[in-house]
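Note that the protein sequences, when read in sequence, are chains A and B.
According to the working numbering, the first sequence holds residues 1 to 287 in order.
According to the working numbering, the second sequence holds residues 288 to 632 in order.
Read the hints as simulated data drawn from the structure, not as lab findings.
There's no promise every hint is true.
[Said to hold, decoys possible] Stretch by stretch, here's where chain B covers chain A in the computed footprint (C-beta under 8 Å, at least three residues):
no., segment
1, 5 to 18
2, 132 to 140
3, 254 to 265
4, 270 to 277
Where is the CB? At the ideal position from N, CA and C, for every residue including glycine.
Letter by letter, the chains look like this.
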Amino acid sequence: MIDPIFLVEAAVNGVLLGGILALLALGLNLIFGVIDIVWIVYVDLVMVCMYAIYFAHVHGWPFWLAALGAVGLGALLGIAVHVLVISPILGSPPINQLLATGGLLFFIQSFATFLWTTDHRSVRFALPTFEVGGIFLPATRLIPFGISILAMLALYLFLTRTFAGTAIRAVAQDREAMALMGANPRRVYVTTSAVGGLMAGLAGALLVFQYSVHPFFGGQFGPLTFMICVLGGLGNMVGAFVASFIMSEIISIAGVLWSTEMGYVIAFVVFIVVMFIRPGGILARPE
Amino acid sequence: MTGIAAPDRRPAGPGTAPRALVAAAGAALLVLPLLLTGGLGQYALHVLIQIFVWAFIGQAWSLMGRFGLVSLGHGAFLGLGAYTDALLWNFFGLTPWLGAAAAVALTGVFAAVVAYPCSRFRVVGHYFALVTLAVGEVVRLLIIAERDWTGGSLGLTLRPARTDGLVALQFADKRVFYYGALALWAGGLWVWRRLDRSMARAAMEAIGEDETAAASVGIHVTRFKIGVTVLSATLTALGGVAYAQYITYVNPETLAGIGVSLRIVFAVVLGGMYALLGPTVGTALTIALSESLRIAFGLRFIGMAETIYGLLLVLFIIFLPAGIYGGLARLLARRPAAVAPAVQG
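Make the full structure from the sequences, and use the hints.
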């Protein structure tokens with residue numbers, strides 16, 4: 001029998017992981033909700049930002065400046081993906097759009113392999129670990145979690161309190177009506193992609209604390225991230241937030257009870273089953 | 288949601304090509320291995336075998352894909368097929384013939400179990416794509432998790448048979464595999480044609496365009512969807528068995544999960560999923576591209592081949608959504624008399 005303390009620790013780690021997953025999922029879900037496209041490539045943009053931080057760090061930049069740079073780079077990448085790949089095929093069937101971002105995933109992964117080889121690279125931080133009631137809480141997990149929660153609050157305020165945010169929410173609700181009201185959906189799309197990319201950059205800066213970066217980093221979090229988005233409900237921010245924690249708890253606890261792979265297997269099976277019972281996401285009312 | 292591009296209603300490819308042309312092409316493919324001798328010939332055979340096997344898998348995928356059932360999880364069926372075959376042979380010495388039968392049966396049941404709720408609860412479009420993607424990942428992770436007997440991420444080597452032969456389906460001579468792969472590929476084309484000329488095609492097209500409307504005219508939506516999914520999955524499993532027998536090594540990364548699933552889809556999209564020879568052209572192009580880039584750059588530029596490949600894919604989806612072969616066939620069909628009388632037949 002497993003000591004309950006390990007389960008508690010797993011649950012706490014699940015919460016900390018959930019914070020990061022939520023940040024990833026919210027960025028993707030924002031794009032998902034507004035432009036109605038799954039950016040399969042999303043976590044690979046995060047990977048590029050992580051590389052940027054790593055190399056800035058190697059060149060002696062202070063971490064905060066590198067992180068800031070990564071956030072800016074993320075926003076630029078987001079805009080580039082939208083302008084170069086998505087906007088020419090906005091009218092195509094959704095599956096084409098999905099596949100186009102999938103092609104981009106191949107491109108970025110392979111180009112990263114070409115440029116930086118498959119070596120795992122990590123930024124090492126000398127940060128303390130706290131012990132609370134027998135549970136170890138490393139600062140490398142606590143700090144990203146805290147910043148992630150703050151960033152999500154900021155996103156919430158941006159979406160509800162600013163004009164651009166309101167426009168984004170309006171388009172997410174009804175694309176045609178927005179165009180009729182004289183708003184420019186194109187500008188809203190670019191803004192959304194920039195914000196989504198910015199979140200990817202930030203997520204990259206937070207993931208660097210705990211994970212080493214390599215060209216196939218996207219595979220580690222990619223499938224999970226878009227499953228969280230669908231699980232939470234397309235474009236439903238609260239849903240994605242809740243779904244992140246459900247998935248991270250399943251992965252953490254099942255990971256301790258059985259194995260890491262089984263944790264993911266159970267999480268994915270839960271996703272598949274929920275899709276059958278509640279295609280609209282966990283927070284949708286059953287039809 | 289109809290998929291990559293509006294489906295071409297007219298059957299394209301050799302379906303309308305003159306019989307003489309088909310016969311000549313067939314004869315050329317049959318004679319080819321006799322001309323390919325020496326080291327370079329062996330290499331050419333190896334590339335051709337890969338093309339036939341993966342084109343067959345691409346054809347199997349397209350059976351669903353062209354009716355709007357875009358699956359990003361065919362790696363699940365591929366892996367299930369290959370591992371069932373490999374494990375039965377390694378642990379029980381079961382001949383791959385029975386192994387293939389078991390693989391097909393198992394994958395068929397598995398596909399039905401996935402397809403039933405998908406069509407029952409109307410999981411379509413990118414929801415379907417993501418559910419299948421999850422299924423593919425589940426199979427990959429299960430193979431890794433059960434490392435005690437699957438070898439985990441290190442993969443599994445097929446136990447060599449005492450003697451070459453039909454029982455073990457292991458041959459030192461690549462030509463045997465060539466003819467086997469050719470037969471498999473031709474069989475795939477035959478299935479495609481059969482489906483194309485059946486009522487199922489009309490039904491599936493109607494379902495792909497509007498499920499409710501299809502159901503209202505009496506089409507049994509669930510039955511057709513499950514049928515075509517099971518067909519596609521079992522053929523994919525067969526492709527997995529063929530691959531395992533030829534390479535004699537199976538690995539979860541190359542046979543299951545999101546990577547290989549996307550690879551199958553991309554080769555098909557590149558060639559064109561609505562044309563009979565589309566998957567073949569796409570597969571041949573991607574394999575030829577990666578092989579030639581590998582030869583050109585060797586080990587110096589690892590990743591360059593895939594980089595170009597990824598870039599091409601994005602450009603294709605933007606500028607030529609019907610694929611190379613599909614787009615070309617359509618272009619020729621538009622000006623039949625002037626450009627290609629042969630296509631008209």
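Hints, verified against the model:
Judged by the Cβ-Cβ criterion of 8 Å, the segment 5 to 18 of chain A is not covered by chain B as claimed, because only 0 of its residues qualify and three are needed. For the segment 132 to 140 of chain A, the stated coverage by chain B is violated: 0 residues have a C-beta nearer than 8 Å to a C-beta of that chain, whereas at least 3 were required. Here the segment 254 to 265 of chain A counts 6 residues with a CB under 8 Å from a CB of chain B, which clears the bar of 3, and the coverage holds. A stretch counts as covered by a chain when three or more of its residues have a beta carbon under 8 Å from one of that chain; for the segment 270 to 277 of chain A and chain B the count is 5, and the coverage holds.
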